[in-house]
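Chemist: Sequence:
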Amino acid sequence: ASDIFVTIMKEQPTHFRAIEQIGIVAKELGQHEKAMNFFKAAIEIDPTASSPHGHCATCLMELNRIEEALSHFKQILKLDDRSYAHMGVAQCALFLGDMETSKKHALRALEMEPDNIRYLHEYLSGHHKYKTHDDPYLKQLLHIEKHTLKKEDKDIQHRIYTLLHKAYEDLKDFDLALDPKIAVQILFEGMKQGWFTGKKLTDYIDGITEDEKEDLREFSNSRKIINGTDKQVQIALRSQESTHPHQQLGY
848 ASDIFVTIMK
858 EQPTHFRAIE
868 QIGIVAKELG
878 QHEKAMNFFK
888 AAIEIDPTAS
898 SPHGHCATCL
908 MELNRIEEAL
918 SHFKQILKLD
928 DRSYAHMGVA
938 QCALFLGDME
948 TSKKHALRAL
958 EMEPDNIRYL
968 HEYLSGHHKY
978 KTHDDPYLKQ
988 LLHIEKHTLK
998 KEDKDIQHRI
1008 YTLLHKAYED
1018 LKDFDLALDP
1028 KIAVQILFEG
1038 MKQGWFTGKK
1048 LTDYIDGITE
1058 DEKEDLREFS
1068 NSRKIINGTD
1078 KQVQIALRSQ
1088 ESTHPHQQLG
1098 Y
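With my numbering, letter number 223 in the sequence shown gets 1070, and the count goes up by one each step, no holes.
A hint or two may mislead.
What the hints assert, rightly or not - Below, simulated DSS-like cross-link-like pairs (lysine-lysine); rule was C-alpha separation at most 30 angstroms, straight line: (1) 993 / 1019; (2) 1039 / 1013; (3) 951 / 887; (4) 1019 / 951; (5) 950 / 925; (6) 950 / 1013; (7) 1071 / 1001; (8) 1028 / 1046; (9) 1039 / 986; (10) 1071 / 1019; (11) 921 / 874; (12) 978 / 993; (13) 925 / 951; (14) 1039 / 1001; (15) 976 / 1046; (16) 1001 / 976; (17) 978 / 1001; (18) 950 / 1019; (19) 1001 / 950; (20) 925 / 887; (21) 1028 / 1047; (22) 986 / 1001; (23) 1028 / 1071; (24) 976 / 921; (25) 1013 / 1047; (26) 1001 / 1019; (27) 921 / 887; (28) 1028 / 993; (29) 951 / 976; (30) 978 / 951; (31) 976 / 986; (32) 1013 / 976.
Hints listed in this document are in silico derivations from the structure and should not be mistaken for laboratory results.
Please put together the full structure from these sequences, using the hints given.
Modeler: What follows is the structure, encoded as structure tokens:
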């Protein structure tokens, strides 16, 4: 597809869509500087188009050039009142320590798309402090968890259960925070994704059946997923004991 757009651009150097699409391909390949050159060219061709500003902003966020990204998100809002641009301003402002601006735009994004789980997660995890069990956001989370959450949508599951855990911790309702369906989700996915220490299961456990000495080494090192090396050998021995029956059954 990119070859087609290159051909179009050679024949029509000011073809807006072709230039923007080549930039998108470069962005997906991680060539952010190159991509931004195409997006800036697209902006020159059509200054009223908001999409190249959005692409530039996401590139700049990847490069940690937050203030420049913020200017592009603000330009989008001058051209078109888009929810993703409000969320972009909110994220940039949060990085820059401007909490009031961040909260204002995050709330505006949520007003425009109240069911957008990503926006809800960004706002609640970055700003919101739960004070009562009647908090409307907590009710919204519980409604989503009960009525619309699909088991196969793992990303949304992680976001919702993480937010519920935060809510119950804010409310000091530790019984609910330790509800197995919330705590277990966070525990398992946290270990798989490396939420706790930056280390994840696949950094240490290769899933290959090996001798006991090697299994013990893997289990022992994987303790770093949670909190370093505290009692790592004792825990590794227990883990190894619990896996033996499964291995004997061929698991």
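Chemist: Would you mind marking each hint as holding or not holding in the structure?
Modeler: Hint by hint, here is what the structure shows:
1. The hinted pair formed by residue 993 and residue 1019 meets the criterion: a straight-line CA distance of about 22 angstroms does not exceed 30 angstroms.
2. As the CA atoms of residue 1039 and residue 1013 are separated by approximately 20 angstroms, the hinted pair is consistent with the 30 angstroms bound.
3. For the suggested pair residue 951 and residue 887, the alpha carbons sit about 28 angstroms apart, so the restraint of at most 30 angstroms is met.
4. The straight-line distance between the Cα atoms of residue 1019 and residue 951 is roughly 27 angstroms, inside the 30 angstroms bound, and the hint therefore holds.
5. As the CA atoms of residue 950 and residue 925 are separated by approximately 19 angstroms, the hinted pair is consistent with the 30 angstroms bound.
6. A hinted pair counts as satisfied when its Cα atoms are at most 30 angstroms apart, and residue 950 with residue 1013 qualifies at roughly 18 angstroms.
7. Proposed proximity of residue 1071 and residue 1001 is supported: the alpha carbons are some 24 angstroms apart, at most 30 angstroms.
8. For a cut-off of 30 angstroms, the pair hint linking residue 1028 to residue 1046 stands: about 23 angstroms separates their Cα positions.
9. In summary, the hint linking residue 1039 to residue 986 is supported, as the alpha carbons are separated by about 28 angstroms, within the 30 angstroms threshold.
10. For the hint linking residue 1071 to residue 1019, the alpha-carbon distance of about 28 angstroms falls within 30 angstroms, and the restraint holds.
11. Between residue 921 and residue 874 the alpha-carbon distance is near 21 angstroms, which keeps this suggested pair within the 30 angstroms criterion.
12. Under the criterion of a C-alpha separation no larger than 30 angstroms, the hint pairing residue 978 with residue 993 is consistent with the structure, at around 22 angstroms.
13. At most 30 angstroms may separate the alpha-carbon atoms for a hinted pair to count; residue 925 and residue 951 meet this at roughly 16 angstroms.
14. Of the supplied pair hints, the one linking residue 1039 and residue 1001 holds, its CA atoms being roughly 12 angstroms apart against a limit of 30 angstroms.
15. Proposed proximity of residue 976 and residue 1046 is supported: the alpha carbons are some 28 angstroms apart, at most 30 angstroms.
16. For the hint linking residue 1001 to residue 976, the alpha-carbon distance of about 25 angstroms falls within 30 angstroms, and the restraint holds.
17. A threshold of 30 angstroms between alpha carbons decides the hint, and for residue 978 with residue 1001 the separation of about 28 angstroms falls inside it, so the pair holds.
18. Between the alpha carbons of residue 950 and residue 1019 the distance comes to roughly 24 angstroms, so the proposed pair stays at or under 30 angstroms and holds.
19. Using a Cα cut-off of 30 angstroms, the hinted pair residue 1001 and residue 950 holds, with the two alpha carbons roughly 27 angstroms apart.
20. The hinted pair formed by residue 925 and residue 887 meets the criterion: a straight-line CA distance of about 17 angstroms does not exceed 30 angstroms.
21. Restraint check for residue 1028 and residue 1047: the C-alpha separation of about 21 angstroms stays at or below 30 angstroms, so the hint holds.
22. Proposed proximity of residue 986 and residue 1001 is supported: the alpha carbons are some 21 angstroms apart, at most 30 angstroms.
23. Using a Cα cut-off of 30 angstroms, the hinted pair residue 1028 and residue 1071 holds, with the two alpha carbons roughly 24 angstroms apart.
24. For the hint linking residue 976 to residue 921, the alpha-carbon distance of about 27 angstroms falls within 30 angstroms, and the restraint holds.
25. About 22 angstroms separates the Cα atoms of residue 1013 and residue 1047, which keeps this hinted pair within 30 angstroms; it holds.
26. At most 30 angstroms may separate the alpha-carbon atoms for a hinted pair to count; residue 1001 and residue 1019 meet this at roughly 27 angstroms.
27. Straight-line distance between C-alpha atoms of residue 921 and residue 887 comes to about 16 angstroms, which keeps the hinted pair within the 30 angstroms bound.
28. Restraint check: the Cα-Cα separation between residue 1028 and residue 993 comes to about 12 angstroms, which is no more than 30 angstroms; the hinted pair holds.
29. A threshold of 30 angstroms between alpha carbons decides the hint, and for residue 951 with residue 976 the separation of about 15 angstroms falls inside it, so the pair holds.
30. The hinted pair formed by residue 978 and residue 951 meets the criterion: a straight-line CA distance of about 20 angstroms does not exceed 30 angstroms.
31. As the CA atoms of residue 976 and residue 986 are separated by approximately 14 angstroms, the hinted pair is consistent with the 30 angstroms bound.
32. For the hint pairing residue 1013 with residue 976, the CA-to-CA distance comes to about 9 angstroms; that is within 30 angstroms, so the pair holds.
Violated hints are absent here; each numbered hint is respected by the structure.
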